[in-house]
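K.L.:
Each protein sequence line maps, in turn, to chains D and C. Just add 1 to the spot in the first sequence (first one is 1) and you have the numbering used here. Just add 1 to the spot in the second sequence (first one is 1) and you have the numbering used here.
Keep in mind that the hints were calculated from the coordinates and are not lab data. Treat the hints with caution; some may be incorrect.
It does not matter which identical chain is used: a pair holds within one copy or between any two.
In silico lysine to any residue, SDA-like type, Cα no more than 20 angstroms apart, as pairs [as the list claims (entries may be wrong)]:
no.	residue 1	residue 2
1	K281	I402
2	K26	K281
3	K252	G169
4	K347	I61
5	K216	D387
6	K246	Q87
7	K347	K401
8	K106	A263
9	K281	K401
10	K26	E363
11	K271	T157
12	K13	E170
13	K172	Q120
14	K338	T49
15	K354	T342
16	K281	Y397
17	K401	T280
18	K106	D373
19	K252	V298
Letter by letter, the chains look like this.
2 protein chains.
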Amino acid sequence: MKKINGNVTTPKGFQASGVMAGIRKKNRKDIALVYSEADCVAGATFTTNRVKAAPVNWDISILRNGLSKHAVVLNSGIANACMGEQGVKDNFAFAEAVAKELNLKPEQVFTASTGVIGQPMPMQVILPGIQEAAKALSDTNEGGKNASEAIMTTDTVSKTVACELTIGETKVMIGGMSKGSGMIHPNMATMLSVVTTDINIDEALLQEAVSAAVKDTFNMISVDRDTSTNDTFIVLANGLAGNEKIVTKDKAYEEFAAALFAVCEDLAKKMAHDGEGATKLLTCEIYNAKSKEDARVLAKSVISSNLVKAAFFGSDANWGRVLCALGYSGVDFDPTKVDITIAQEKDKLDIVKNGMAIDYSEEVATMMLSKDNVSFVVDMHDGAFDATAWGCDLTYDYVKINGDYRS
Amino acid sequence: MKKINGNVTTPKGFQASGVMAGIRKKNRKDIALVYSEADCVAGATFTTNRVKAAPVNWDISILRNGLSKHAVVLNSGIANACMGEQGVKDNFAFAEAVAKELNLKPEQVFTASTGVIGQPMPMQVILPGIQEAAKALSDTNEGGKNASEAIMTTDTVSKTVACELTIGETKVMIGGMSKGSGMIHPNMATMLSVVTTDINIDEALLQEAVSAAVKDTFNMISVDRDTSTNDTFIVLANGLAGNEKIVTKDKAYEEFAAALFAVCEDLAKKMAHDGEGATKLLTCEIYNAKSKEDARVLAKSVISSNLVKAAFFGSDANWGRVLCALGYSGVDFDPTKVDITIAQEKDKLDIVKNGMAIDYSEEVATMMLSKDNVSFVVDMHDGAFDATAWGCDLTYDYVKINGDYRS
Numbered sequence: 002m003k004k005i006n007g008n009v010t011t012p013k014g015f016q017a018s019g020v021m022a023g024i025r026k027k028n029r030k031d032i033a034l035v036y037s038e039a040d041c042v043a044g045a046t047f048t049t050n051r052v053k054a055a056p057v058n059w060d061i062s063i064l065r066n067g068l069s070k071h072a073v074v075l076n077s078g079i080a081n082a083c084m085g086e087q088g089v090k091d092n093f094a095f096a097e098a099v100a101k102e103l104n105l106k107p108e109q110v111f112t113a114s115t116g117v118i119g120q121p122m123p124m125q126v127i128l129p130g131i132q133e134a135a136k137a138l139s140d141t142n143e144g145g146k147n148a149s150e151a152i153m154t155t156d157t158v159s160k161t162v163a164c165e166l167t168i169g170e171t172k173v174m175i176g177g178m179s180k181g182s183g184m185i186h187p188n189m190a191t192m193l194s195v196v197t198t199d200i201n202i203d204e205a206l207l208q209e210a211v212s213a214a215v216k217d218t219f220n221m222i223s224v225d226r227d228t229s230t231n232d233t234f235i236v237l238a239n240g241l242a243g244n245e246k247i248v249t250k251d252k253a254y255e256e257f258a259a260a261l262f263a264v265c266e267d268l269a270k271k272m273a274h275d276g277e278g279a280t281k282l283l284t285c286e287i288y289n290a291k292s293k294e295d296a297r298v299l300a301k302s303v304i305s306s307n308l309v310k311a312a313f314f315g316s317d318a319n320w321g322r323v324l325c326a327l328g329y330s331g332v333d334f335d336p337t338k339v340d341i342t343i344a345q346e347k348d349k350l351d352i353v354k355n356g357m358a359i360d361y362s363e364e365v366a367t368m369m370l371s372k373d374n375v376s377f378v379v380d381m382h383d384g385a386f387d388a389t390a391w392g393c394d395l396t397y398d399y400v401k402i403n404g405d406y407r408s
Numbered sequence: 002m003k004k005i006n007g008n009v010t011t012p013k014g015f016q017a018s019g020v021m022a023g024i025r026k027k028n029r030k031d032i033a034l035v036y037s038e039a040d041c042v043a044g045a046t047f048t049t050n051r052v053k054a055a056p057v058n059w060d061i062s063i064l065r066n067g068l069s070k071h072a073v074v075l076n077s078g079i080a081n082a083c084m085g086e087q088g089v090k091d092n093f094a095f096a097e098a099v100a101k102e103l104n105l106k107p108e109q110v111f112t113a114s115t116g117v118i119g120q121p122m123p124m125q126v127i128l129p130g131i132q133e134a135a136k137a138l139s140d141t142n143e144g145g146k147n148a149s150e151a152i153m154t155t156d157t158v159s160k161t162v163a164c165e166l167t168i169g170e171t172k173v174m175i176g177g178m179s180k181g182s183g184m185i186h187p188n189m190a191t192m193l194s195v196v197t198t199d200i201n202i203d204e205a206l207l208q209e210a211v212s213a214a215v216k217d218t219f220n221m222i223s224v225d226r227d228t229s230t231n232d233t234f235i236v237l238a239n240g241l242a243g244n245e246k247i248v249t250k251d252k253a254y255e256e257f258a259a260a261l262f263a264v265c266e267d268l269a270k271k272m273a274h275d276g277e278g279a280t281k282l283l284t285c286e287i288y289n290a291k292s293k294e295d296a297r298v299l300a301k302s303v304i305s306s307n308l309v310k311a312a313f314f315g316s317d318a319n320w321g322r323v324l325c326a327l328g329y330s331g332v333d334f335d336p337t338k339v340d341i342t343i344a345q346e347k348d349k350l351d352i353v354k355n356g357m358a359i360d361y362s363e364e365v366a367t368m369m370l371s372k373d374n375v376s377f378v379v380d381m382h383d384g385a386f387d388a389t390a391w392g393c394d395l396t397y398d399y400v401k402i403n404g405d406y407r408s
């Protein structure tokens with residue numbers, strides 16, 4: 002498996018577009034369309050928030066309806082959440098308009114929305130926008146790039162990824178895009194993400210690979226602990242690569258699952274790094290915890306702590322806050338066994354041994370923490386399970402962005 | 002029961018002091034002492050963090066040792082957490098020095114520390130400081146005020162409270178002080194709090210009243226979801242009021258418990274309002290939830306949300322974020338039954354009915370949210386249980402304070 006330049010149009014048979022429909026005030030792309038002419042199987046995961054936006058409920062309802070899937074339509078600017086019956090109707094019209102353009106049934110079209118909660122979808126600009134998006138569909142890199150730009154909200158960069166792997170003799174591609182900036186927290190981020198692949202795979206196995214990948218990637222990032230009403234992750238697989246269909250958990254499945262994991266991890270890290278107001282990517286690697294779940298909870302507790310995040314912003318090696326965040330995670334452990342190391346590329350600086358500070362250079366620690374991408378590596382000496390979580394620093398700009406998001 | 006001006010020296014027989022020992026860089030008071038010559042029974046609660054500072058472990062070990070209690074010594078500047086054996090020794094010396102000055106056993110002296118984690122207690126200044134604090138003990142209002150000032154860290158104001166109630170024919174006093182600013186989250190805040198009372202009460206009943214009060218006061222505030230290693234709440238009761246000893250859960254007990262609750266609520270709100278960088282007090286009142294615990298979890302989820310807090314800073318009536326925070330709290334409920342009202346003193350503005358926005362004036366909402374003290378009042382229409390939680394806005398200053406706390 003190797004990473005390549007690309008996006009959702011990289012796998013065979015996928016087209017995409019992103020257009021300015023006029024949902025957003027500024028001149029920004031706001032409708033994205035991803036399309037496969039060939040029949041697709043789909044895997045997906047959605048927000049666990051009790052309050053779910055209309056498109057999320059729609060997607061859940063069509064995911065296992067027995068029809069082949071062909072498209073995902075996404076908009077930014079309006080979340081279509083907390084809109085009652087109107088929201089359900091508008092969302093259906095959203096899917097229906099795409100279906101009409103592409104000769105599909107509405108139930109073959111996934112929808113996703115992100116933006117302000119509690120305002121109606123401006124259908125008078127969305128419906129013409131869909132016509133335009135359908136016309137603009139393209140299998141070029143540009144098509145996928147436009148789509149990835151159309152789903153940005155407070156994101157500062159569009160996020161795409163692609164990789165290629167070989168299943169038997171057959172070259173298989175996976176491409177993806179995501180948005181997500183604030184309101185990002187495990188289970189899941191305010192993220193919309195679409196991944197396309199030309200692999201030929203049984204739908205139940207695809208879902209299994211999707212669920213497994215999400216657990217240790219999208220669900221291990223946090224910007225602000227808020228979990229949105231709209232989180233949606235959809236994978237479409239159209240089989241055009243022509244590999245022998247994957248129907249059991251054989252070597253081919255494992256290779257695909259690993260590649261899908263790498264794609265999700267790449268997008269997850271990009272989202273954490275581009276957290277609202279973030280200047281730096283913060284990683285916490287937990288080793289030797291009592292269970293996998295303990296390791297996950299500990300890692301997430303560290304990267305979610307406002308105090309750790311603010312200290313990271315100030316490049317302050319305030320390891321007491323790291324130990325403190327481990328301590329209130331709810332996981333039972335012996336603090337006097339914990340070691341903490343700051344890691345930054347090849348450099349490693351031990352700062353805590355057996356739960357106490359050792360003699361380290363504050364100057365070196367500060368220098369390492371001032372870099373773009375730093376890990377707190379924590380050895381619990383308590384078991385055999387590891388996990389990694391990703392977050393970002395807490396900055397003035399986070400407050401600024403979220404103090405006047407709607408205006 | 003009525004609130005009066007006062008603090009820990011208001012109840013009969015209590016003395017206090019606060020002195021500059023030189024633990025902190027600046028010329029600030031940093032050792033506080035609270036003392037009762039008469040024997041006291043004690044009730045207390047402590048941090049649930051797995052990482053506990055040395056003074057917390059000490060207090061837990063002496064709480065039920067059968068000896069009468071007489072004093073609480075507190076310092077700011079150094080947390081004495083994550084210091085291993087050295088921390089245990091230093092803390093014992095801390096208690097021992099107070100015991101020597103006041104003719105007590107060390108096991109009759111509670112200790113509490115707040116400040117930087119992982120640095121040693123500077124005993125060379127602390128021990129002389131204790132001598133000074135013992136000399137300065139005073140039963141005046143000034144003595145209690147000095148003590149409340151000596152435990153401040155990033156607090157911008159000292160926090161004290163007092164109330165008087167009548168048990169039978171007897172006048173009883175309760176006085177308190179607390180510190181806590183950042184790292185404040187349920188179970189419990191980074192708070193140190195000492196409450197004194199001259200009531201005559203059985204120790205087990207005192208503990209019961211303390212535990213009950215904490216649950217819906219100190220444990221219902223959050224500044225940043227971080228739970229510290231040092232949280233300590235100690236109540237000393239010396240019986241000098243002369244009321245008939247409370248030995249059952251009779252009317253007198255209920256009256257005392259209600260007064261203690263009011264004292265804790267007052268201190269809790271003061272701490273939330275003085276959260277690091279906070280400019281405003283945010284209250285969330287939940288009504289008609291399915292259970293008491295559901296109501297608590299929902300209320301805390303709203304006041305803990307960084308997105309709600311940032312919107313509150315910007316006086317933005319972003320009710321979608323309130324509904325969203327309810328939704329990811331983990332509580333099961335029907336979003337289409339939820340009503341939300343903004344309340345500010347006598348004014349009430351309905352903004353959400355049945356989970357959807359109603360036609361309200363953004364201008365009025367913004368004006369109300371720009372005030373110092375605002376509530377989101379949420380009716381779940383789902384049961385008969387209520388709860389209230391307190392927090393604050395998320396501001397540039399929170400980031401500033403915590404980006405360079407140690408420097």
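K.L.:
All hints are to be evaluated individually against the structure, with a verdict given for each.
P.N.:
Hints versus structure:
| no. | hint | in the structure |
| --- | --- | --- |
| 1 | K281 / I402 | both (17 angstroms within a copy, 19 angstroms between copies) |
| 2 | K26 / K281 | neither (29 angstroms within a copy, 31 angstroms between copies) |
| 3 | K252 / G169 | within (10 angstroms within a copy, 80 angstroms between copies) |
| 4 | K347 / I61 | neither (44 angstroms within a copy, 44 angstroms between copies) |
| 5 | K216 / D387 | within (13 angstroms within a copy, 35 angstroms between copies) |
| 6 | K246 / Q87 | neither (42 angstroms within a copy, 64 angstroms between copies) |
| 7 | K347 / K401 | neither (35 angstroms within a copy, 30 angstroms between copies) |
| 8 | K106 / A263 | neither (33 angstroms within a copy, 62 angstroms between copies) |
| 9 | K281 / K401 | both (17 angstroms within a copy, 16 angstroms between copies) |
| 10 | K26 / E363 | between (47 angstroms within a copy, 19 angstroms between copies) |
| 11 | K271 / T157 | within (11 angstroms within a copy, 38 angstroms between copies) |
| 12 | K13 / E170 | within (16 angstroms within a copy, 88 angstroms between copies) |
| 13 | K172 / Q120 | neither (45 angstroms within a copy, 57 angstroms between copies) |
| 14 | K338 / T49 | between (35 angstroms within a copy, 19 angstroms between copies) |
| 15 | K354 / T342 | within (9 angstroms within a copy, 51 angstroms between copies) |
| 16 | K281 / Y397 | both (13 angstroms within a copy, 18 angstroms between copies) |
| 17 | K401 / T280 | both (14 angstroms within a copy, 15 angstroms between copies) |
| 18 | K106 / D373 | neither (47 angstroms within a copy, 53 angstroms between copies) |
| 19 | K252 / V298 | neither (30 angstroms within a copy, 45 angstroms between copies) |
Checked against the numbered hints above, the structure violates hints 2, 4, 6, 7, 8, 13, 18, 19; every other hint is satisfied.
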